[in-house]
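A.B. asks: Each protein sequence line maps, in turn, to chains A and B. Residue 148 in the working numbering sits at position 148 of the first sequence, and the numbers go up by one each step. Residue 1253 in the working numbering sits at position 253 of the second sequence, and the numbers go up by one each step.
Among the hints, erroneous ones may be present.
Pair by pair, the computed Cβ-Cβ distance ranges are [to be verified]: (1) B:K1047 with A:Q48: 41 to 49 Å; (2) B:S1228 with A:D162: 28 to 36 Å; (3) B:E1081 with A:V255: 46 to 54 Å; (4) A:R221 with B:A1322: 45 to 53 Å; (5) B:G1148 with A:A12: 32 to 40 Å; (6) B:S1260 with A:A210: 21 to 29 Å; (7) B:R1110 with A:R155: 25 to 33 Å; (8) A:E247 with B:P1165: 33 to 41 Å.
Example chain A residues on the side facing chain B (calculated, C-beta under 7 Å, incomplete) [what the hints assert, rightly or not]: (9) L96; (10) G181; (11) Y223; (12) V246.
Dumping the calculated DMTMM-like pairs for lysine to aspartate or glutamate here, alpha-carbon to alpha-carbon at most 25 Å [stated by the list, open to error]: (13) A:K239 with B:E1194; (14) B:K1321 with A:E247; (15) A:K50 with A:E252; (16) B:K1085 with B:E1009; (17) A:K183 with B:E1194.
Hints listed in this document are in silico derivations from the structure and should not be mistaken for laboratory results. A virtual CB, placed ideally from N, CA and C, is assigned to each residue, including glycine.
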Amino acid sequence: MKIIVSVKQVPARDSALRVNSAGKWLDESDITYEMNEPDAYALEEALQLKEKLGGEVVVLCAGPQRAGQTIREALAKGADRAIHVEMDEEGPLDALATARLLAKAVAPESPELILTGLQSDDLGYGQTGVILAELLGYAHATIVMEVEPQGSAVRVKRELEDGWFQNVVLPLPAVLTIQSGIKKLRYATLMGIKKAKTKEVKTLSAGQLAADTSSTTVMDRVYLPQRSKQTQILTGDAKQVAHQLVEKLKFEARVL
Amino acid sequence: MSVLVILEERGGKWNRLSFEALAAGERIAGALGAPLQAAVIGAGIEKLANEAATYKIAKIFAVEHDLLARYTPDGHTAALEQLIKAQQPKVVVFPHTYQVRDFGPKLSTRFGKALISDVVDIKTAGGQVTFIRQLFQGKLNSDVRAAGEPEFVSIQAGAFRAAEPGGEAAPVEKVAAELEPSQIRTKPEEPFREAQRSVDLSAADIIVSVGRGIKEKENLPVVEQLASVLGAELAASRPICDNGWLPMERQVGSSGQTVSPKVYFAIGISGAIQHLVGMKGSKTIVAINKDENAPIFEAADYGVVGDLFEIVPAIVEEIRKAKA
């Protein structure tokens, strides 16, 4: 089975986020980056499908040059080759523009499955996979917990709300957006890291792909949310804070 | 030039977020001076459409077809594409449900637009609507505008107080969707629930809830001690249950349980909106987090910025003393 996994590089979870001077995006000067977590689960699912069924796992990533590090990580974990759509725009594209670029890069590959995370940890649009499916004319399913290939179709378990689930059968080729936490993530082995250095990474520039990347949504401003609720922040060392808190829970909130 | 709100049903029952989206639609329509319309899509939805007609809307569309009886992205997208092309609304408003996440972006793509997803607030000035959405799981906000029409937006759970019925019943317009079985590529099976929950967090007076800040499963005794000394139920945010450190049935949030105890301790939980919607009804919220900008502090009554591994044991000690 030929599987494309679309991954994104995002600021690491513990990053101290500062807005840039233009107030439009982050000050990226001292941020470290990592693979978007739901995408890491999509990659894991793809690698396990390949182990079961054989075939090829191709990593697809749109991002600036630094995204090469995330691509290497995916190759070190076991992906066979990669396509890097290199972008150098200031600030992020909207989901439609990104998906248009990805669709151009994917089309000549004719994969059977495309897997990606259900959303990104930075912009959180949760749309790229669905739009990609629409642009390519593929069927899709979102928030997928289990993947069971059935010849020319795939049966997936989708998460619905409030503890409900649903199995859906869809014809291949298809796009699946993968929920976090569905499998245990593997680490890259030393051998994997070594092998990754020799694997093919095809770099395509956004210009080369001739996709329409005009924005249909405009992000005017990025800022820290204003606090509307009066939160009492307790200060002091651990002991002092604990003492104040217990007093407040007893005498102010009267809940202890 | 209307504002069209898409209401969601499953098996003849409303998804309650529909009426929060309707409230957002009211605000947008008010700002634009545009009529507010709504639509419900399915098979055998006349009763629901009549019920929706009692809300403050100018008109409700009941979009029907047998092939819409069970949701599929192909069916819903095609039916709504037809409705939007016919009605040409300026803004289409959805509740940000799992179903909308599944087909909303597909639909907006048909119109060459991105969906402005997961909107938590709306600013209106001079006939211009700006949508506020969160970035980085609530750590930052962004102001977003649509370039061109129709605009597609989805409204996050809990961001708007649900609209109330009132006024005269609006006209119901039946719309027969044009669909062929061959257009529906996916075969959905009957939705199901997994094993019954054995833990009912909603009955707990005190909940001690733990998030990523606990770092490792081996550190759980730190919060278990607090739960034990308080006689509290232990709960967690999604990543902890995803990792299998605590069972799924102890998860609080949009994909877990909704709770409103007397006291909710959020320990090492940053407070992504999906978690907040599950616990913000708690009477008193205590947040302990090392990041002073963590959105959980917005929901908290009492906040402590610092290392949970120092603070939680100190609280356990204080409570023991207070109880002695």
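A.B. asks: A separate judgement is required for each hint: does it hold in the structure or not?
C.D. replies: These are the hints, each one checked on the structure:
no.	hint	in the structure
1	B:K1047 with A:Q48: 41 to 49 Å	holds, 46 Å
2	B:S1228 with A:D162: 28 to 36 Å	holds, 29 Å
3	B:E1081 with A:V255: 46 to 54 Å	holds, 52 Å
4	A:R221 with B:A1322: 45 to 53 Å	holds, 46 Å
5	B:G1148 with A:A12: 32 to 40 Å	holds, 35 Å
6	B:S1260 with A:A210: 21 to 29 Å	violated, 54 Å
7	B:R1110 with A:R155: 25 to 33 Å	holds, 27 Å
8	A:E247 with B:P1165: 33 to 41 Å	violated, 46 Å
9	L96	holds, 4 Å
10	G181	holds, 2 Å
11	Y223	holds, 6 Å
12	V246	holds, 4 Å
13	A:K239 with B:E1194	violated, 44 Å
14	B:K1321 with A:E247	holds, 12 Å
15	A:K50 with A:E252	violated, 59 Å
16	B:K1085 with B:E1009	holds, 22 Å
17	A:K183 with B:E1194	holds, 18 Å
Violated hints, in rising order: 6, 8, 13 and 15; the structure is consistent with all others.
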